[in-house]
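Chemist: Here's the letter readout for the chains.
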Amino acid sequence: AQTVTQSQPEMSVQEAETVTLSCTYDTSESDYYLFWYKQPPSRQMILVIRQEAYKQQNATENRFSVNFQKAAKSFSLKISDSQLGDAAMYFCAYRSVSSNTGKLIFGQGTTLQVKP
Amino acid sequence: DGGITQSPKYLFRKEGQNVTLSCEQNLNHDAMYWYRQDPGQGLRLIYYSQIVNDFQKGDIAEGYSVSREKKESFPLTVTSAQKNPTAFYLCASSPFVNSYEQYFGPGTRLTVT
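Heads up: the sequence lines are chains A and B, in that order.
Everything in the first sequence is counted per my numbering, starting at 1 for the first residue and increasing by one.
Everything in the second sequence is counted per my numbering, starting at 1 for the first residue and increasing by one.
To be clear, the hints were calculated from the coordinates, so they are not data collected in a lab.
From a predicted model like this one, the values you see are computed outputs, not experimental measurements.
Glycine is no exception: its CB is placed at the ideal position from the N, C-alpha and C atoms.
Mixed in with the good hints there might be a few duds.
Over 12 Å on every C-beta distance to chain A, these chain B residues come out as not near it, computed from the model [to be verified]: (1) Arg13; (2) Glu15; (3) Asn18; (4) Arg44; (5) Arg109.
Just a few of them, taken from the derived set where beta-carbon distance is under 7 Å, the chain A residues facing chain B [claimed, not checked]: (6) Tyr33; (7) Arg43; (8) Gln44; (9) Phe91; (10) Ser98; (11) Gly102; (12) Phe106; (13) Gly107; (14) Gln108.
Next up, chain B with everything else stripped away, as it sits in the complex:
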C-alpha cells in the first residue's frame, strides 16, 4: 500500500538527549514536510523539503534539524536546544511543492521528561 509511515508512534526521552523521528513515504512525492501539533493550537511548520538534498526552515525550526538524502525519507532530529520538545509531530508529503494537497502520516507523540 502507498502511504506515509512514521515511527515510532510513541517516543520517550530524557531531557538533554537528541532524538530522531522517522518519516518514510512510498508515494514518489518530491515534497515533504514536518509539522508540530500542540494542544489548543493548529499545526505549525518546522521544516520542508522540495527535493532531495534540499530543505528549508519553516516557522518554528529552532532546536530541530532534518536531512533529505533519499526521496522517500525525511527524518527529523529534535535536539537538546529545543526548549519545549514534548508534542505531537506529523510528517506530510505532496507530489511537488505547489501541489494543493498534502498527505499526512500517522504522527509520533514525543514526550521528554
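The shape of chain A in the complex, shown without the other chains:
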C-alpha cells in the first residue's frame, strides 16, 4: 500500500524569505501523480501544484516549485518570497494513475507560519 509522510508538523518562515516543506512517499508503482494542497484557516483545500511522475522536469507555479526526486521518493515544496497569505497547513498527496478509485493518499500535513 502507498503511504505519504510529512515529517515536519510545523515550520516557520520570515516574510519574503524562502521555505521548503518536505514529503516522502512509498510506492511500488512507476506512474503516479503527486500534489501539494494548501488548507488555510478557512479550511478550504486548494491545489497548489501537481507533478506527474513520468515527467523529469520539476513543476513550477509562480512562487511555488517542487523538487521531485523519484528514486529517493521525495517530493518537497519550495515557497519563494513568502507572503502572509501563505500561512496555512500544507498537505502532500499521492494518486495512482492506475487507480480505479481516484483516491488521494495524504500526508499528515505541515503547518506553515509566516512571520512579518
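Add chain B to chain A, keeping to what the hints say.
Modeler: Below, chain B alone, put in the same frame as chain A:
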C-alpha cells in the same frame, strides 16, 4: 459560480443520533468523494462515487452511509455506529474518476457529544 457547497459549516449532534451532511456540486462532475480529517492526520477516504446510482467504500466506511441519486448531490450520513464521529468532513469532486485533480468543498465540522 461553479463549485461545491457543503452545509452546514458547523453541526452539533447528540450521541446516538444519525446525522446527514450535504454535498452539492454544479460542476457537472461524474465522480464525488467524502474524506474525513482529524487533527494531526491527513484526509482519509470514506466513500466515493464514480457515477449516479453507484458508490464504493473507501478506507474508513464503517459507520457511514451515502447515496448518489442525482449527479450533483452526494450526501453522507454519519450513523450511531460510527464510534468517533467528531471530525471535519470534506467533500470533493472530479470530472471523472481518473481525473488527476479533485476539487474540494469548504467542509463541515461535526461535533457529537
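Chemist: For each hint, tell me whether it holds in the structure or not.
Modeler: Against the structure, the hints:
1. Every CB of chain A is more than 12 Å from the CB of arginine 13/B (nearest about 19 Å), matching its label as outside the interface.
2. Residue placement check: glutamate 15/B keeps its beta carbon more than 12 Å from all beta carbons of chain A (closest about 24 Å).
3. A cut-off of 12 Å between C-beta atoms confirms that asparagine 18/B is not in contact with chain A; the least separation is 24 Å.
4. A beta-carbon of chain A is positioned within 12 Å of the beta-carbon of arginine 44/B; the least distance is around 8 Å.
5. At roughly 8 Å, the least C-beta separation between arginine 109/B and chain A is not larger than 12 Å, which violates its mark as non-interface.
6. Residue-level restraint check for tyrosine 33/A holds (minimum Cβ-Cβ distance to chain B is 5 Å; threshold 7 Å).
7. With a least beta-carbon distance of about 5 Å to chain B, the hint placing arginine 43/A at the interface is held under the 7 Å criterion.
8. For glutamine 44/A, the suggested interface contact is upheld, since its CB lies about 5 Å from the closest CB of chain B, less than 7 Å.
9. At its closest, the beta carbon of phenylalanine 91/A sits 6 Å from a beta carbon of chain B; the interface hint therefore holds under the 7 Å criterion.
10. Violation of the interface hint for serine 98/A is found here, the shortest Cβ-Cβ separation to chain B being roughly 9 Å, above the 7 Å cut-off.
11. This hint holds: glycine 102/A has a C-beta 4 Å from the nearest C-beta of chain B, less than the 7 Å allowed.
12. Taking 7 Å as the C-beta contact cut-off toward chain B, the hint placing phenylalanine 106/A at the interface holds, the least distance being around 3 Å.
13. The beta carbon of glycine 107/A comes within 5 Å of a beta carbon in chain B, closer than 7 Å, and the hint placing it at the interface holds.
14. Below 7 Å, beta-carbon pairs count as interface contacts, and glutamine 108/A has one with chain B at about 5 Å; its hint therefore holds.
Comparing the model with each earlier hint shows violations of hints 4, 5 and 10; every other hint is respected.
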